[in-house]
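Participant: Heads up: the protein sequence lines correspond to chains X, W and A, in order. Going by the working numbering, 345 is the number at position 345 of the first sequence; the sequence numbering is gapless. Heads up: take any position in the second sequence, counting from 1, add 1000, and you land on the working numbering. Heads up: take any position in the third sequence, counting from 1, add 2000, and you land on the working numbering.
Just so you know, the hints here were simulated from the structure itself, not pulled from any lab data. Here the structure is a predicted model, which is why all the values come from computation and not from measurement. Ideal Cβ positions, reconstructed from N, Cα and C, are used throughout, including at glycine. Don't take each hint at face value.
Stated by the list, open to error - Facing chain W, according to a computed beta carbon distance under 10 Å, are these residues of chain X, among others:
1) 36
2) 185
3) 333
4) 334
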Amino acid sequence: MNPLLKDIRDNPLLWLLGFVPVVFVVARLEPEAQTLLFGLSVLAIVPLAALLSHATESVAAKTGDAVGGLLNATLGNLTELVIALTALHAGQYMLVKASIAGAIVTNTLFMLGASFPLGGLKYHVQEYNRVSARVQAGLLFLATVALLVPSAVSEVDADVAAAFTRKLSVALALLLVVAYGLGLLFSLRTHRELFASAEHDEGDETPWPIGLALATLAGITVLVALVSEVFVESVQKAAEAFGMTPAFVGFIVVALVGGAAEMASAFAGARKNRLDLSVGIALGSASQIALFVAPVLVLVSYFIGPTPMDLQFWPGAVVMILIATLTASLVTNSGRSAWFVGVLLLMVYLIFAMTLYLLPPRVL
Amino acid sequence: MNPLLKDIRDNPLLWLLGFVPVVFVVARLEPEAQTLLFGLSVLAIVPLAALLSHATESVAAKTGDAVGGLLNATLGNLTELVIALTALHAGQYMLVKASIAGAIVTNTLFMLGASFPLGGLKYHVQEYNRVSARVQAGLLFLATVALLVPSAVSEVDADVAAAFTRKLSVALALLLVVAYGLGLLFSLRTHRELFASAEHDEGDETPWPIGLALATLAGITVLVALVSEVFVESVQKAAEAFGMTPAFVGFIVVALVGGAAEMASAFAGARKNRLDLSVGIALGSASQIALFVAPVLVLVSYFIGPTPMDLQFWPGAVVMILIATLTASLVTNSGRSAWFVGVLLLMVYLIFAMTLYLLPPRVL
Amino acid sequence: MNPLLKDIRDNPLLWLLGFVPVVFVVARLEPEAQTLLFGLSVLAIVPLAALLSHATESVAAKTGDAVGGLLNATLGNLTELVIALTALHAGQYMLVKASIAGAIVTNTLFMLGASFPLGGLKYHVQEYNRVSARVQAGLLFLATVALLVPSAVSEVDADVAAAFTRKLSVALALLLVVAYGLGLLFSLRTHRELFASAEHDEGDETPWPIGLALATLAGITVLVALVSEVFVESVQKAAEAFGMTPAFVGFIVVALVGGAAEMASAFAGARKNRLDLSVGIALGSASQIALFVAPVLVLVSYFIGPTPMDLQFWPGAVVMILIATLTASLVTNSGRSAWFVGVLLLMVYLIFAMTLYLLPPRVL
Chain X
1 MNPLLKDIRD NPLLWLLGFV PVVFVVARLE PEAQTLLFGL SVLAIVPLAA LLSHATESVA
61 AKTGDAVGGL LNATLGNLTE LVIALTALHA GQYMLVKASI AGAIVTNTLF MLGASFPLGG
121 LKYHVQEYNR VSARVQAGLL FLATVALLVP SAVSEVDADV AAAFTRKLSV ALALLLVVAY
181 GLGLLFSLRT HRELFASAEH DEGDETPWPI GLALATLAGI TVLVALVSEV FVESVQKAAE
241 AFGMTPAFVG FIVVALVGGA AEMASAFAGA RKNRLDLSVG IALGSASQIA LFVAPVLVLV
301 SYFIGPTPMD LQFWPGAVVM ILIATLTASL VTNSGRSAWF VGVLLLMVYL IFAMTLYLLP
361 PRVL
Chain W
1001 MNPLLKDIRD NPLLWLLGFV PVVFVVARLE PEAQTLLFGL SVLAIVPLAA LLSHATESVA
1061 AKTGDAVGGL LNATLGNLTE LVIALTALHA GQYMLVKASI AGAIVTNTLF MLGASFPLGG
1121 LKYHVQEYNR VSARVQAGLL FLATVALLVP SAVSEVDADV AAAFTRKLSV ALALLLVVAY
1181 GLGLLFSLRT HRELFASAEH DEGDETPWPI GLALATLAGI TVLVALVSEV FVESVQKAAE
1241 AFGMTPAFVG FIVVALVGGA AEMASAFAGA RKNRLDLSVG IALGSASQIA LFVAPVLVLV
1301 SYFIGPTPMD LQFWPGAVVM ILIATLTASL VTNSGRSAWF VGVLLLMVYL IFAMTLYLLP
1361 PRVL
Chain A
2001 MNPLLKDIRD NPLLWLLGFV PVVFVVARLE PEAQTLLFGL SVLAIVPLAA LLSHATESVA
2061 AKTGDAVGGL LNATLGNLTE LVIALTALHA GQYMLVKASI AGAIVTNTLF MLGASFPLGG
2121 LKYHVQEYNR VSARVQAGLL FLATVALLVP SAVSEVDADV AAAFTRKLSV ALALLLVVAY
2181 GLGLLFSLRT HRELFASAEH DEGDETPWPI GLALATLAGI TVLVALVSEV FVESVQKAAE
2241 AFGMTPAFVG FIVVALVGGA AEMASAFAGA RKNRLDLSVG IALGSASQIA LFVAPVLVLV
2301 SYFIGPTPMD LQFWPGAVVM ILIATLTASL VTNSGRSAWF VGVLLLMVYL IFAMTLYLLP
2361 PRVL
């Protein structure tokens, strides 16, 4: 039996794939039913993201450790990248930036924060590889500094020419991509023994044959792009209908939808006392978005967006990213966890979510 | 002999109780002698706070570990709570907020900072339970984030409706109380073995019989409330007379007066090489004020104050709380101390005190 | 053979001494050739700084550990002090402040950051004394708080009287010097055994006889002062000619020139797997500038400058110092290093350098 079909049969999450055709039909027949389209596209993106992540891992498993790690590291957040590219193409820079910031914060606070109690309620105290956590937290910290500077400088002087922010953003984007590459070189090649446990735990699901995996990768990416278009178009109207602020939608809803597949893996790892896996996915994913997805979007915006995008974020978002990174650094410093550590992370996330939910829309 | 009288005979600090009736007599005869009344009420509150803390510990000792810990944790800062409630009732929100912020900063920087050299001049290097310190520092960090957000958001947009700040403050207050409760559950029940040494050290003084303890608790609370009224009324005038800014009075003087009893215990612990006790009291007290006293004041303000109180602090106070929390986190991370560590904490405290002392009054 | 001449023969860096007379000749003959004078004075300061640092160490080696440590600790940044005094005398406060901030950031991020890969490319993982690193990071953190407060307060209220900032700056300067002195007492006397490895590694070069060392110290200091005068006068014009902002010149160029000699020692230590030496020089030098050079300049400005100098820095500089200190704290916390840790530090430094380079001049 085709392993793809077998996977679909065994994994109830993938049954949501039925919503994919529904989205396209409804989008054609009822283009004005924005709230419905928003709900359907969310339901369709989640299983597509799960398939995409499985296909990436299968290709990675076939190509050997170094190339595989590289593939995993660059395509691991393909869903987020495709959604953001669609929003970029539509000129919705506010949504793009909110979803980048939101993905960083959601991965460090919510994904990590929920993993700890999920594991901690079963296991009294859990341990994990703190070297790996430290490197990821270090990369995240670097990215936070890079995002902080353009916002801080233009805070100080509102008249700073947009040209300055744009030039600086491109330079920072290049620097972040280089740092990301050096981080991969360090963790996959020169010092891979320090990351041992986290790497070793990864081969959880049976990999698909390479042909199927590549075909799935290509096909699903196209589908995600098509569904994302519906999602991005409907999200603002739907937000209004639900009484949510655009900030809340970009920061919380998009981040949760885009990261659903990875969350499923991280939570499963925590329940199996393989916290290395959970911490690796959560912090790795956050640093990947900060050091790879965000810079790529800045650079790509010169080709596909109506105008170039810069790295200047809403100051509140920068504060949230800064706090999330600092919290993750302090928390993962000890390499041990109990349920309460996760509660602290979730509470910080809740504070941000509540603030964004209550925030009057015009502030952002 | 009555244990209460015996305690009073043995403890010179309690001889200050003689000032309690003096305060009431002077307040009746010379209601305009504000500077005198301020001095007398300070001298009267200090021994009352010491008695209150002893009574709380006695009740806690009789009721078993879990309930006792809970009692200690909720009534440990009763003096600060009563003073703040009196100020709240009088509509002096600036004083309430300054005293909350000041109590957090004074406990983390001054109480902790003075304990280290007091112990360190007798013992070369001292060790303490760093797990316990980490949990308290984590709770403090959470509270700091909660206090930071409303101020940061309203910084960004001065026109944000007060309604937003008020709604957010209530939500944050509830969240902080829940976090505080979960922290107690963690340290008193599910993972109490991690906090062993700190708990075990606590039974220092001979506990009173339960009847006497309860009666003292009730009686002294009423006395504190009555003296606080004189204190709150006289504090502003006295500050002017002494050439102090209101910020300095609320932040430094009120915090030192309210925390005098706990400081006595923390310092005694440090001199006896029981640094677990000192660190526990200092950080525990700070997190109790941030996660219990402050939220309770916000919620109670809907019933007893002239208008509801929010959690939006003067930005300078937020910066100081943030630095104090970060400093405490970094310092207690190692679980070891020598005199110089305390000097660093005291220096940071001194920087804040000097700044507030020199600050022109209208800034706050 | 005279040990001074022998040193000059053996150390190619010292051959640059030939530029010292050239500077004076050109300054007399072509006083308007600012760009040339700038380049020549840079080339002349570097070897002078190296000699100064060797002479200081020789005097220190002869006077015994405690006094020697003190000498090293106070004269170790004599070059930076002399350059800053010259700029102060010329009333160039912006340059003085930028060079203080730049020296702190350059030492913590660039000197430390380049030492790690220089050692890490030869040695897989390197270890160093983390107690010593922690004390230096603690002192740096204290200084950062002291620099943060005046800027933060005057941010909040632009109308705060300059008198307030000036009074506060003097008080902070005194406090920092006291903290610095207590830090020396701690590391050189009461707890010197904790710093063992770092101290022991220091005696690298053969010390000179005391007479020669003292004469060199005096003579070279005068020469540095004279060359600094040319440097300070030409730096602004040269910056314009090179298309650099004054912020970039003060922050990056002056800091690199002033610290060149120490960098040579730190890098040599890292290549010899003596990372204690590198970390000690980098963080020790940064905390010395923050807690000794900066306060001395504030106090001295009352006597030699046209008007007193305060400790209020450009907010961007404060953010950079804060991030640099925090990064150094987090990084040195583990006491172990590999090349990638240094890359992270260098990247943060690069972010700051790029921002300052691109920044429109009028912002600062």
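Participant: A closest beta-carbon separation below 10 Å is what the hint needs, so does residue 36 of chain X meet it against chain W?
Facilitator: Violated - the Cβ of residue 36 of chain X stays beyond 10 Å from chain W, reaching only about 30 Å at its closest.
Participant: Please check whether residue 333 of chain X passes as an interface residue: C-beta within 10 Å of a C-beta belonging to chain W.
Facilitator: holds, 8 Å
Participant: Less than 10 Å between beta-carbons is the criterion; does residue 185 of chain X satisfy it with respect to chain W?
Facilitator: violated, 30 Å
Participant: Was the hint right that residue 334 of chain X lines chain W, CB cutoff 10 Å?
Facilitator: Holds - the Cβ of residue 334 of chain X comes within 10 Å of chain W, reaching about 7 Å at its closest.
When held up to the earlier numbered hints, the structure conflicts with 1, 2 and fits the remainder.
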